[in-house]
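Enquirer: Residue numbers (my numbering), protein chains in the order written: chain A, 1 to 666; chain B, 667 to 864; chain C, 865 to 999; chain D, 1000 to 1289.
If you're looking for bench data, these hints aren't it; they were derived computationally from the structure.
Computed from a predicted model, the values in this text were never measured in an experiment.
Do not rely on the hints blindly, as some may be mistaken.
[Unchecked claim] With a Cα cut of at most 25 Å, we get these calculated PhoX-like pairs of lysine-lysine:
(1) A/Lys235 x A/Lys317
(2) C/Lys993 x A/Lys111
(3) A/Lys110 x C/Lys978
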Amino acid sequence: MARVGVFICHCGTNISGAMDITRVVEAARKMPMVVTASDNKYTCSEPGQASVRQAIADNKLNRVVIAACSPRMHEPTFRKAVAAAGLNPYLLEIANIREQCSWVHAHDRKKATDKAIELVKIAVAKVIRHEPLYPREVPVTKRALVIGGGITGIQAALDIANAGHEVVLLEQEPTIGGRMAQLDKTFPTLDCSACILTPKMVDVANHPNIRLITYAEIKEVRGFVGNFKVEIMQKARKVDHTKCTGCGTCWQKCPEKSPSEFDLGLGNRPSIYIPFAQAVPAKPVIDTDHCRYIKYLQWVADGEQGKKPPECRICEKICPTGSIAWDQEPQTITEEFGAVVVATGFQVYDHRHYEEYGGGAYPDVISGMQLERLMNASGPTGGEIIRPSDGAHPKTVAFVCCVGSRDQAKGRTYCSKVCCMYTAKHAIMLKEHDPHVQCYIFYIDVRAGGKDFEEFYLRALDDAGAIYIKGRPSKIYQDGKKMIVLVEHALMGRPIEVAADLVVLATGMEPRTGADRLAQKLNISYNTYHFLVEAHPKLRPVETQTDGIFVAGACVGPRDIPESVAQGSAAAAKVVGLFSRDALVTDPVTSVVNRDRCIGCLLCIAVCPYKAIDCETTRDKRVVAVVNESLCKGCGLCVGACRPKAVDLRGFTSQQILEEVNSLWS
Amino acid sequence: MISAVSVIKPQPDTKFRSFVEAHIGQSISQCYQCGKCTAGCPVAYTMDLTPRRVIRALQLGMENELENSSSMWICLSCLTCSARCPREIDIAGVMEALRLATAGNKPSPSQKKFRLFHELFIMSFQFSGRAYELGLGVAYNVLSGHLLNMVSIIPGMLRRGKLACLPHRGQGSDIQGIFNRVDALKRKNNEQTQSSKP
Amino acid sequence: MELTYEPRIVGFLCNWCSYAGADLAGTSRTNYPANIRIIRVPCSGRVDPLFIVKAFQLGADGVLVAGCHPGDCHYSDGNYHTRRRVGLLRPFLDYLGLDKARLRLEWVSASEGKRFSEVVLSFTDTLIKMGPRSS
Amino acid sequence: MIETDRYAYYPGCCAKASAKEYDATTRLVCQALGIELVELENWVCCGASSAHSVDKLLGITLPAQELQSAARLNLDLVASCSLCFSRLKIAAHELKNENIRNQVSEILNEKIPANPRNGVKHLLQVLESHMDKIPLKKPLKDLKVACYYGCLLGRPKEIAEFEDEENPQVMDKIISRLGGEPVEWGFKAECCGGSHIFTRQDIVLKLSHRLLYQAKQAGADCLAVVCPVCHSNLDAMQKSIDAEYKDKVDLPALYITQLIGLAAGLPVKKLMFDKLFVDPIPLLRRKGLV
C-alpha cells in the first residue's frame, strides 16, 4: 500500500508568484494514496530537505512527489534527501512546475495553477507504481588495449603504462612506428622524424607495463566498459621470436626480393625481413606470398604441377638459433581489458585513381610519401633524390596539392590538412639537398593555420624560392624525358604548361582499409569515408558512444603529428580516469525481459543501439532475450519494439506511462 | 555614391545565371575556382574568357562580358572540363547554355563567324536532310570572306571522291516538317511561359 | 464553436533534447499556451503507439511526440524508430475517425526553447481551429 | 539490349562523302564477323555539332527520330561516328525527362516510350563483343598502333556509358587481338579540334598536330581512328599541319575497320586505303602486311 507525500515548492516567488500554491496543496491532498501534502519556500534548501525527511518519518511515507523545478535540476539532490530518510532513492518523482509551468504561464494565474495540479497528479500516478531500484556495481579490469602502433597509439600506451596500468599494444604490421616512421623530416621544425620517434618505440618495447603484440589483428570484441573480452588473431610469422635474436643473417642472405611496402615500391626487401632498420621488434617475419620454400610447399601440395620451383630454405640453414618455424600457424589470443583505445591512423590516398595524372603509370609521378622515402638517408636511394625512371637528378620539380582531397569527383570532399605544409616542407628540403632545384607548387588554397605554419609557408616562398601557382592541374603527360603539367595560372587567367623532371602529388589522408570492419566489431560509428566518429566533435573528441572505447589520432580525421600525440594522451587520460575506480556504478534504469512472455522474435536485439540484448535458451527449450544491464542505457527502444510486451523499462514502465496519461482524465 | 568606372558591382542573382543553372541543373556557386577546367581545355588558350573566368563572371553577374565573349562559341564541347571538374560542375553544359542564351542576340564581332557557320550548317541539312559538306564549305568561305579556307585539301577530297558535288538526299525524310513543327512548338512555349532566356 | 474551448494536449518529450528544450523555454520565460501536459520519457523511441492511442481514447485533443533532431539522438538512432512508428500510426488515426493533424511529431533540441514554445503555440492554434473532437 | 548480331545502323552524313571508306569497311567487316547491319530508312543528320548549340529542342529532336526508327525495328542502334553516337546518347538521356519527351513526341507526332527497350552503341562496342570471331589471317605483327578514341566517345561518363573517360581500352584490346601492338600514350581522349575545321582551322591544326606528335613520341607507326571528323582532321589535314608547324609527321591514320579487315585477310583493295590522304601502303609493305 503506497503512502505518498507531496511537497510543493515556492522557489521563492518563482513558482508561488505565478500560481495559487494553497490550491495546489489542497488538490494534492485529495489525490489517491496521498497521505500528506505541504508547501515550502525552498524545498532544495537544507531546512526544506529536513522537512521532507521529517514528513517521511512522521507519516511513514514510502513514496515522495516533489513539485518544484525541473528534475534535470534537482532530482539528484532530492534523491539524496529521500535516501537520507531511509527510502529507496528511486521512489521519488518530480513534478516540473517551474520551468514547464510557472515560468511559461505567468500571464494566466488560473491556468498555471490548474496545470500545476495536473502535473502533480501525473507525478503521483507514476510514483505510486515506482519499484525500488538498486544501482549495480561492475568491477573494472585495469588493463588497456591500444589498437594501432603509430605515434598516437605509442603515446597512449606509454601514458597509460606510466600511470601504472597494464597495456597491450596491438599492431597489424610486423613493426610499430606507423606512418611517422616513413617520414624523413617533420614540419614546421624540420627535425628528423626517426630521431624523435624511434626512442619512443624503444621505450614501448622496454616498458614493464606494456606488452607488444605485432603482426596481429582484432578478431572479435565482446563485453562492455570495464569488462571487454577481445580475441586477437596473431598472424603466422614463421619465425619463433622467443628464439630469434634478430641477428639479421637471414634477411641478408634471403635470395627472393619483392617490392618493399615500407618504401612504397621504390626499393626491394627480402622475403624474410624487418620493414626498416630501427623496427621494433627487430625480429623478422616471413612473407608467405613471396618466400620460395612456401611456394615450393604449395607446388607440392598442388600435386607437383609444372616446373619444380627451388626449395631454397637458406634462412633455415643459416639461422644460428634455429628460429625458423615453417609449421607456425596463425593463433588466437584471448585477453580481457577494461578499456580500448583505437588509434589505427591513416593510409596515403592511392593516386592511381587519377587517370588524368597518368593513373600511376608514369614512374616520375610520385606521391609525397614516396618523396619522403627518396629523401630519407635510410631510404632506398640512401637519401639521394633521383627520378625513379632513369636515376637522373631532377632540377625542376612540380608539386600538385589536393590529390585525393577536396575532390568530390573522386569521392574525397574533405581537406586532408597536412598536405599544404608537407609540400612546403618538401620544397624547402629539396632546395637544401640541391640549390639548383626549382619547385613549382600548384595549389587551390594554401592552408597554413597552425603554430609557425604561416612562417613555414613563407620560408618555402622566400628561402626555397618555390613558385606557388594557384590552379589545379588538369593533366600530366610525358614528353620525352619531361613530365608536362597542364594547369591554369588562375591569378593570371591563362592556361600554362610546366615541364618538370619530377612530379610529386600531395596525396591526402584516408582511413586505413578495414577501419569500418574494426568499428563494427567495436560497435562504434564511422562516417562515409570510414573515419571513426567521436562522441562529440568538440566536447568529447576522444570518446565514442560506446563506453570504455576511445578513439585518437588520424583514424578520426586528418591530423598532424602534434594533434595525434595530444589525442593519444587525451585518450590515455580518459582511460586512466576510468581505471581510477575499482568498480563502475551502473544506472538501474534499464530494460528487463519477462521470460515467460518473450516469444523469442528478438526484434529487440535488432533495434538495440548498444548490443545490450542477447538471447539464450530456457530449460523448456525456448529462445528468449536477455538484457545485459551493464550495456543497457535505458533508452527503451526495445520496449517499443516488443510485440508481446515482454520487455519493459525500469523507472519508465508502460504501466506507469499509461497511468500518467490516465491521471489526466481521472 | 561616386565610384570608379572600372568597379564591378557583383549582382549574384541575374536572369542569365538562373537560365544557365536551370540548363545544367546545378548551382554555379559550387565552383571554388581551382581552374582545372581551363587547365584541361584544349582551346582555353585562345578564349577571351577562360572557362573558369566564364563561371566567375556568372557568379558575379558580369553579363556584358559574357554576352560579348566568344568563349562559348570557341568551346569544342569536348567535355574535358566537365569530366575532370572536382566539384562535378557541367562546365561544357554552361557553355552550351550560354550559346543557347545568346543565340537570339545580334552576334558580337568576335562571335560572327561561329554563328554564321552554325546557321549555314543547319541550313545545309535543313533542305536535303543531310549535311552537304562541299556546299557548306563554299557557302561559308564566301560569306565569311575566308575564300581560301581549306582550298588546299579540296582537290584531294575531290580526287578521292570524298566530296559529293550535289547534296545527298535522305529520301522521304520529313526534315522540313520537323523544322517547322519545332519552330511552331517553340513559339507556342514562348507565348505560354515567357522563356527564361535573358 | 464556443470561444472558451481549450484543447487538451499530451506531450511525450524525450529527456535529452525536447524536455530540456521545454525547460529552456521556461528559463528564458517564453510564454506558450497552458494546454499541454508534458510526460517525460527517456527517448522518443520509448513512446509506444499504444500510449498515443490511449491518450486519444481518453479524450486528448492532440498528442505531441517530440525528440532529438534526426542524427542527434542521445541513443544514436532512437528517433528514427519514432519517425517510422508515428508514420505507421498516422493512417490508423483516420480509421479511428481522427484528423491526422491531431498527432504531431516534432524535433526539438535542448537549445530550441523558443522553437518548443512555437510548436506548442501553433499546435494549440491548429487544434482550436479544428474545434472539439466530434465523438 | 535485344539481338546481339543484328543492329540498326546509322551511318551519319560523312559516310556518304568524306568517310566513304569508313562506311564501306564497316559494312565489310561486320559482314565478315556475322554482324547484320540494317541501315535506317530515310535517316537524317543528327545535327552535330550545330543544332544543339543554337536550338536545344532541335538538337534533341533530330537524333530522337533516329532512335524512334531503331525502336520500330526493335534493334539496338549503332553509330560509327563519335559525334553522332554522342548526340544519340545525349538525346536518349534527355528523353528520360517527361516534359522534353512530350514536346518531342508532339513534333514527331508519335508517342516516344519512357524507357525504350533498345539502346545506342558505338561501332567499337559492337566490334569488341564480336572480337573473337575475327579470322586472323594476317596478324598485324609488330605494327605499333596508337589508338585514338577522341573526346566524345566516353563523355559524359554517366550518359555515354562507354568506358574510363581518360584511359579507355576497347580499341587497344582489339588491336592486340589483331596481333598488333597498341602503344601507351596519354592523348587517347584529347580533342582533335572537331568542327572548327571551318571556323578556326588554326585550332584544328594545333590540336591535331599535338595528337600526331604525341602518337609518334609514343613510337606509333600509325593511328587507329573511329570517327570521320577526327579522321579528316588527322589524315586530310596532315599536309597543312606539316606546313604550319614545319614538321614531317607522316603518320597514317586508319579506321579501325580497315585494320580489322587487313588482319582478317579481306581483299586489300576493298579496304580503300587509296581514300586516305596519308598513304599507309609503304608502312604496311614494310611490315609485310600487303
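Enquirer: If a hint holds in the structure, say so; if it does not, say that too.
Expert: Cross-check of the supplied hints:
1. A/Lys235 x A/Lys317: holds, 23 Å
2. C/Lys993 x A/Lys111: Given pair C/Lys993, A/Lys111 holds - Cα atoms ~20 Å apart, limit 25 Å.
3. A/Lys110 x C/Lys978: Distance of about 23 Å is within 25 Å: holds.
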